[in-house]
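Protein chains: 2
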Amino acid sequence: MIEDTSLEVFLNELASKTPTPGGGSAAAIMGGMGAALVAMVCNLTINKKAYEAVDAEMRDILQRAEVLREQLTGMMRQDIEAFDRVMSAYGLPRETEAEKAVRSQAIQSALKDATEVPLACARASAEIIALSRVVAEKGNKNVVSDAGVAVVAAYAALKSSALSVRVNTGALSDVSFATQSITELDVILDGADTAMREIYQEVVHRL
Amino acid sequence: MIEDTSLEVFLNELASKTPTPGGGSAAAIMGGMGAALVAMVCNLTINKKAYEAVDAEMRDILQRAEVLREQLTGMMRQDIEAFDRVMSAYGLPRETEAEKAVRSQAIQSALKDATEVPLACARASAEIIALSRVVAEKGNKNVVSDAGVAVVAAYAALKSSALSVRVNTGALSDVSFATQSITELDVILDGADTAMREIYQEVVHRL
Chain R
154 MIEDTSLEVF LNELASKTPT PGGGSAAAIM GGMGAALVAM VCNLTINKKA
204 YEAVDAEMRD ILQRAEVLRE QLTGMMRQDI EAFDRVMSAY GLPRETEAEK
254 AVRSQAIQSA LKDATEVPLA CARASAEIIA LSRVVAEKGN KNVVSDAGVA
304 VVAAYAALKS SALSVRVNTG ALSDVSFATQ SITELDVILD GADTAMREIY
354 QEVVHRL
Chain B
154 MIEDTSLEVF LNELASKTPT PGGGSAAAIM GGMGAALVAM VCNLTINKKA
204 YEAVDAEMRD ILQRAEVLRE QLTGMMRQDI EAFDRVMSAY GLPRETEAEK
254 AVRSQAIQSA LKDATEVPLA CARASAEIIA LSRVVAEKGN KNVVSDAGVA
304 VVAAYAALKS SALSVRVNTG ALSDVSFATQ SITELDVILD GADTAMREIY
354 QEVVHRL
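Here the protein sequences line up with chains R and B, keeping their order. Heads up: the first sequence runs through residues 154 to 360, numbered per our numbering. Heads up: the second sequence runs through residues 154 to 360, numbered per our numbering.
Any given hint could turn out to be false.
Since the list can't tell identical chains apart, any single copy or any two copies may satisfy a pair.
To be verified - In silico lysine-lysine, DSSO-like type, Cα no more than 27 angstroms apart, as pairs:
#1 K253 / K291
#2 K201 / K265
#3 K265 / K202
#4 K201 / K170
#5 K294 / K253
If you are wondering where the hints come from, they were derived from the structure by calculation, not from laboratory data. From a predicted model like this one, the values you see are computed outputs, not experimental measurements.
Could you put together the complete structure from these sequences and hints?
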């Protein structure tokens with residue numbers, strides 16, 4: 154399983170011409186790193202006298218960041234599985250009309266999964282950006298730069314998964330599903346650029 | 154060694170309250186992912202009839218991306234080593250004047266290394282952004298979204314390592330070294346936001 158792969162082997166596989174792991178898994182890992190760094194800042198803020206006033210808030214954020222990190226870790230694998238299913242579907246026989254129909258349905262069904270995984274990654278990443286704002290503003294000042302890395306990592310994950318959603322919805326024949334996905338994506342993306350810049354600036358300000 | 158750590162264990166360690174691995178290693182990995190994805194697009198463009206005109210250029214970019222990826226993989230470890238050296242130096246005894254002098258010198262020397270590693274990461278990441286522009290514009294259209302992930306990953310690596318450079322130069326007493334580092338960093342950062350946006354737009358356009 155991909156989560157058991159070493160960092161070096163993962164990078165080797167990412168660079169190779171094999172289609173997976175690709176950008177989708179990279180997006181999930183960047184989101185996972187964002188969540189992990191939000192958690193790290195919380196862990197280094199909780200139980201500290203100087204940050205007593207935000208202790209409860211940091212505990213809540215830690216709990217949420219850890220849930221998101223677990224989801225994103227799962228998405229590294231789900232992205233590969235969804236992509237492989239799309240590829241297998243494209244490889245189905247298409248000699249007869251019946252085969253063509255089966256193949257087409259298999260492709261469309263696989264593409265829906267391959268849309269839902271990056272959309273979930275985008276959703277989780279946007280939430281990590283929101284959490285990183287709170288830890289950047291209120292977390293332990295000594296590790297505020299880690300909050301800054303969290304926000305740019307989550308932003309990169311969001312922008313990356315947005316590309317996967319666009320690619321896969323582009324090949325969908327279910328226009329209503331595709332439109333709904335793109336509409337949700339646009340809502341998630343709205344304001345993300347500004348949020349990233351603002352949070353990063355707050356971090357630089359508190360360095 | 155960190156490069157042999159599994160993705161899941163790495164994320165666990167990143168989230169924990171232990172100071173390393175932290176944002177510096179995350180930056181190096183994001184840069185490494187950017188380099189790997191540039192290489193992936195090159196690998197899927199080389200030897201293709203439709204991309205014959207850019208074959209030589211893609212081979213050159215592949216070679217350079219692989220050198221940068223190797224450097225960035227090394228930086229995951231170097232960042233941890235440099236950070237640990239800073240921490241050890243701060244832990245030196247400071248009872249006598251002689252001890253204070255030794256400790257202060259050790260801290261300053263360690264901080265210089267801890268500045269040079271993220272500065273090298275920023276330099277490499279900026280170069281990956283430049284390479285990602287070429288693969289986004291001329292690489293295999295079928296994997297153009299991976300070029301898009303490459304650019305946002307490299308951008309996240311650049312912005313992350315910039316924070317580490319600022320943190321560590323802030324504690325340096327060698328003002329000339331600190332100023333020189335920040336001046337180089339500012340040159341590297343100049344235009345990075347615009348480049349990232351332009352390359353990402355080019356990717357969306359070619360999807």
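Now for the hints, and whether the structure bears them out:
1. K253 / K291: neither (58 angstroms within a copy, 33 angstroms between copies)
2. K201 / K265: neither (46 angstroms within a copy, 30 angstroms between copies)
3. K265 / K202: Neither: 49 angstroms inside a chain and 32 angstroms across chains, both beyond 27 angstroms.
4. K201 / K170: Between copies, since 12 angstroms is at most 27 angstroms while 48 angstroms is not.
5. K294 / K253: Result: close only across copies, 26 angstroms inter versus 60 angstroms intra.
Checked against the numbered hints above, the structure breaks hints 1, 2 and 3 and satisfies the rest.
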